[in-house]
Amino acid sequence: MTSPQVEVSGLTITVPGIEGGTKAIVDDVSFAIPRGEVLALIGESGSGKTTIALSMMGYTRFGARIAAGSIRVGDRHIDDMDDGALATIRGRDIAYIAQSAASAFNPSRTIMSQVIEPLLVHKLADRKAAEAKAVDLFRSLALPSPETIGARYPHQVSGGQLQRLMAAMALITGPELVILDEPTTALDVTTQVDVLKTFKTAIALSGATAIYVSHDLAVVAQMADRIAVLKDGRLCEENAAASILKNPKTDYTRTLLAAARPAERPRTTQEESATPVLAVSDLVAGYGRVRDGRPAVPVVHRVGFELARGEALGVIGESGSGKSTLARVIAGLLPRASGSVRLDGEELPYGMAGRTRDHFRRIQLVFQNADTALNPAHTVSQTLSRPLAFYHGVTGGEARARVSELLDLIRLPGSIAGRYSQELSGGQKQRVNLARAIAAQPDVLLCDEVTSALDTVVGEAILELIDELRRELGIATLFISHDISTVRAFCDKLLVLYAGTAVEQAGRDRFALGPHHPYTQLLLDSVPEMDPTWLERRRSQAPAALSEKASGDLCAFLPRCPAALEGSCDRVGPPSREDAGQSVLCHRTPADLHRAGGNA
Amino acid sequence: MITRLLPLRRGTDADQSGAQSASLRVAGRASSFLRKLPLSGRFGLGAVLFWLVTALIGPWVAPHAVGAFVDQEVFNGISGNSWLGTDYLGRDVFSRLLWGARYTVFLSLGAAIIAAFCGTSLAMLAAIRGGWLDELISRAMDTLISIPSKIFALVLVAAFDSSLGLLLLIAGITYTPGNFRISRALAMNLASMDFVQVARSRGEGAVHIAVREILPNMIHPLLADLGLRFMFIVLLLSGLSFLGLGVQPPHADLGSLVRENISGLTNGALAIIAPAVAIATLTVGANLLIDSLKGGGRS
Numbered sequence: 001m002t003s004p005q006v007e008v009s010g011l012t013i014t015v016p017g018i019e020g021g022t023k024a025i026v027d028d029v030s031f032a033i034p035r036g037e038v039l040a041l042i043g044e045s046g047s048g049k050t051t052i053a054l055s056m057m058g059y060t061r062f063g064a065r066i067a068a069g070s071i072r073v074g075d076r077h078i079d080d081m082d083d084g085a086l087a088t089i090r091g092r093d094i095a096y097i098a099q100s101a102a103s104a105f106n107p108s109r110t111i112m113s114q115v116i117e118p119l120l121v122h123k124l125a126d127r128k129a130a131e132a133k134a135v136d137l138f139r140s141l142a143l144p145s146p147e148t149i150g151a152r153y154p155h156q157v158s159g160g161q162l163q164r165l166m167a168a169m170a171l172i173t174g175p176e177l178v179i180l181d182e183p184t185t186a187l188d189v190t191t192q193v194d195v196l197k198t199f200k201t202a203i204a205l206s207g208a209t210a211i212y213v214s215h216d217l218a219v220v221a222q223m224a225d226r227i228a229v230l231k232d233g234r235l236c237e238e239n240a241a242a243s244i245l246k247n248p249k250t251d252y253t254r255t256l257l258a259a260a261r262p263a264e265r266p267r268t269t270q271e272e273s274a275t276p277v278l279a280v281s282d283l284v285a286g287y288g289r290v291r292d293g294r295p296a297v298p299v300v301h302r303v304g305f306e307l308a309r310g311e312a313l314g315v316i317g318e319s320g321s322g323k324s325t326l327a328r329v330i331a332g333l334l335p336r337a338s339g340s341v342r343l344d345g346e347e348l349p350y351g352m353a354g355r356t357r358d359h360f361r362r363i364q365l366v367f368q369n370a371d372t373a374l375n376p377a378h379t380v381s382q383t384l385s386r387p388l389a390f391y392h393g394v395t396g397g398e399a400r401a402r403v404s405e406l407l408d409l410i411r412l413p414g415s416i417a418g419r420y421s422q423e424l425s426g427g428q429k430q431r432v433n434l435a436r437a438i439a440a441q442p443d444v445l446l447c448d449e450v451t452s453a454l455d456t457v458v459g460e461a462i463l464e465l466i467d468e469l470r471r472e473l474g475i476a477t478l479f480i481s482h483d484i485s486t487v488r489a490f491c492d493k494l495l496v497l498y499a500g501t502a503v504e505q506a507g508r509d510r511f512a513l514g515p516h517h518p519y520t521q522l523l524l525d526s527v528p529e530m531d532p533t534w535l536e537r538r539r540s541q542a543p544a545a546l547s548e549k550a551s552g553d554l555c556a557f558l559p560r561c562p563a564a565l566e567g568s569c570d571r572v573g574p575p576s577r578e579d580a581g582q583s584v585l586c587h588r589t590p591a592d593l594h595r596a597g598g599n600a
Numbered sequence: 001m002i003t004r005l006l007p008l009r010r011g012t013d014a015d016q017s018g019a020q021s022a023s024l025r026v027a028g029r030a031s032s033f034l035r036k037l038p039l040s041g042r043f044g045l046g047a048v049l050f051w052l053v054t055a056l057i058g059p060w061v062a063p064h065a066v067g068a069f070v071d072q073e074v075f076n077g078i079s080g081n082s083w084l085g086t087d088y089l090g091r092d093v094f095s096r097l098l099w100g101a102r103y104t105v106f107l108s109l110g111a112a113i114i115a116a117f118c119g120t121s122l123a124m125l126a127a128i129r130g131g132w133l134d135e136l137i138s139r140a141m142d143t144l145i146s147i148p149s150k151i152f153a154l155v156l157v158a159a160f161d162s163s164l165g166l167l168l169l170i171a172g173i174t175y176t177p178g179n180f181r182i183s184r185a186l187a188m189n190l191a192s193m194d195f196v197q198v199a200r201s202r203g204e205g206a207v208h209i210a211v212r213e214i215l216p217n218m219i220h221p222l223l224a225d226l227g228l229r230f231m232f233i234v235l236l237l238s239g240l241s242f243l244g245l246g247v248q249p250p251h252a253d254l255g256s257l258v259r260e261n262i263s264g265l266t267n268g269a270l271a272i273i274a275p276a277v278a279i280a281t282l283t284v285g286a287n288l289l290i291d292s293l294k295g296g297g298r299s
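Note that the protein sequences, when read in sequence, are chains A and B.
Count the first sequence with my numbering and you get residues 1 to 600, in order.
Count the second sequence with my numbering and you get residues 1 to 299, in order.
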């Protein structure tokens, strides 16, 4: 057996400590990768996974320093190289695929000129040969119209395509080692599957060794031959992928595995109350001028649901499907164009104007990103006392007592009250963000992707907290997410949004039975499973049955729908089919859909 | 599961902070503020405090009257009678400096603060209300910025006669649009932030959003702007004095002291160096202090 392609031993990377001295952010990490294999680095944010990946190129972020250890890639000792020598191998022998292709591409240059840049910089080919090579790569990465896509600018292609183009840029020099830093994290789940598939074949084809950085175990399970679990800069466990997933050796890996599979929560016991807390019907909203109850740019189209006290409704959809807009419209931040929003039977005014302070109090919105939702100039206690003073007139000592009660409720130590939000961790910020909403004592809590910016383990804890709070305090929760598995485990009812339309709506138990709307089925099929063979097993996405564009009242999913019917789907809008507590917006009958979903 | 991830550490710091009295806390905050200030910040604070005190008590400690001729010799060096020499008319530079400090400190600083207050308030209004009000205020500011400041001052002084109040007003109005532009840009950015959206969805009024949510996050760049504008106003006032429209002789602000002694530059007279150094220490000190204050309430 030959020696491994990449060998790292005793790698330690330090940053200057706060009170002099140094602090190790990567501590004594060793691993080896055989030629052509993929090693996944997995861990939560701050575990040093990206730092390790970047050190493979001899690069450390500002202030950090490789203090000890050796890095060998092929026959090069990266740790002994100076900057000049490193420049000759970066992008040529070792390539890097960043998390966000959208920000990694220069928006003012064509894609082609950027993809062939590594070849030109390292003088490996002339422009013509480089472009020919790029087109070949585009073809093998399954990009549409490979001959002409290079002439476009980055904003003219979709996110998934851009990520693949970034891979083309990395692979064009035929590198020995490719580093993929969370390449699919920013993508929709339906896009992610295709990108993962093309990455896997492209890497296998090029024969490169790869390091795949991710926080998502299910994604890693598809890609990696070996998995290294990191925690706080130390290597927890490193082994073949299958054995890590089946027999984790350390507690931490087990925690990660448990968090990746959301546990089913018991259903809320239904008390048959006369009026639901929140009732939304025929809601239409969007941006621009409203004419005849239709906005110029419609975002949410005729959505309706009911929410009882203590109940949780999950709203699922990809980015741009109008999920967040729905929450903003209910909160009044964006006035609705038509339709009704009733709170305990009382019709709410369209926008902010006309709503009473009590209306505001009873509907609280929790924003996705706690980093920006908390005012950096306020301390935790200032943040939490404001709704107390504003809605309940509670100030002084009583407010202080309430704040510490709230901190207790969200399981944060009381000492945190004097801190500013920058001094909190991501999970702590999200807890404070949540506590601010709870402080108002709302009837309805609108949670907009509250866990998507968090690590799996931390996100799971936040979910647990929301679940507990809504049960204890009887708060009706609208839980918005792009992650169907989380929603399925967490909510009593589900609502699937596609392009602003509710394509499917059902109770959790009913949802589990199926059949589903073709879009829901696509979402369900796209969620990666922990099984390493899932990506191969998964049937490739069926192409759209009809090449019709969605327009007017026609089904919005028509351009992507594999089950579209000629003569009805491209003629009239889809009817809403009610069947035993499930409503599906589709021309196909439930029996039809069942066949389509089942026989695959 | 949550408790395992985030162990409770209650009952340590919380008890202590509750026991502290309010006055103790204020004193504690002042001393901790001083301790956190870097060396440059402490120097700046010292310089600013020195000039504030000088401006307050200057006329009482000045050895001579402001217009008194103390020497036959002009541009004299240091002597027992005139500690910083004499100026182009044989007056005591040290005394004139002590008298002049109050014009620069109070007039310029006052005008800078007026400009910052007006500009920022209007900017907040424009950013929060938006729409036609924003348009109206912005165009009014554009109009104001297009009027040459010296001509504007000339007309006003001609109409109302020169007085300290008028000078304060002129300098304040002249520098309002610049401050408005900067603070409107800052406030616009902040107004679209999530935490402002949160406050809006809470039903907060415009005043709370402006003062409690937006202002604390833009105070640091605004202070930097204030420092810059302060120096511009020193220049404007000395320019006005040169035209005979500013501070009226025999009084002079620091800028005028430099200007009126400009003929002494060739022989390196103290009369021009001393007020120049005075302006330098004041402005550099103020800017050092501002730069060392950390923005956004970060500690």
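Treat the hints loosely; a few may be bogus.
Partial selection, computed: residues in chain A whose CB lies under 10 Å from chain B [as the list claims (entries may be wrong)]: (1) Tyr59; (2) Thr60; (3) Ser243; (4) Met352; (5) Gln368; (6) Ala377; (7) Gln382; (8) Ala440; (9) Gln441.
Derived DEER-like restraints, expressed as beta-carbon distance ranges [said to hold, decoys possible]: (10) Gly396/A to Glu135/B: 51 to 61 Å; (11) Ser31/B to Gly396/A: 42 to 52 Å; (12) Phe242/B to Val121/A: 33 to 43 Å; (13) Ile147/B to His155/A: 41 to 51 Å.
Listed below are the simulated SDA-like cross-link pairs for lysine to any residue, each with C-alpha atoms no more than 20 Å apart in a straight line [to be verified]: (14) Lys36/B to Glu19/A; (15) Lys36/B to Tyr252/A; (16) Lys36/B to Gly418/A; (17) Lys36/B to Ile18/A.
Quick caveat, the hints were computed from the structure, so don't treat them as lab data.
Ideal Cβ positions, reconstructed from N, Cα and C, are used throughout, including at glycine.
Right, here's what the structure says about each hint:
| no. | hint | result |
| --- | --- | --- |
| 1 | Tyr59 | 29 Å, violated |
| 2 | Thr60 | 26 Å, violated |
| 3 | Ser243 | 25 Å, violated |
| 4 | Met352 | 7 Å, holds |
| 5 | Gln368 | 8 Å, holds |
| 6 | Ala377 | 3 Å, holds |
| 7 | Gln382 | 9 Å, holds |
| 8 | Ala440 | 7 Å, holds |
| 9 | Gln441 | 13 Å, violated |
| 10 | Gly396/A to Glu135/B: 51 to 61 Å | 43 Å, violated |
| 11 | Ser31/B to Gly396/A: 42 to 52 Å | 26 Å, violated |
| 12 | Phe242/B to Val121/A: 33 to 43 Å | 59 Å, violated |
| 13 | Ile147/B to His155/A: 41 to 51 Å | 42 Å, holds |
| 14 | Lys36/B to Glu19/A | 14 Å, holds |
| 15 | Lys36/B to Tyr252/A | 39 Å, violated |
| 16 | Lys36/B to Gly418/A | 17 Å, holds |
| 17 | Lys36/B to Ile18/A | 14 Å, holds |
Checked against the numbered hints above, the structure breaks hints 1, 2, 3, 9, 10, 11, 12, 15 and satisfies the rest.
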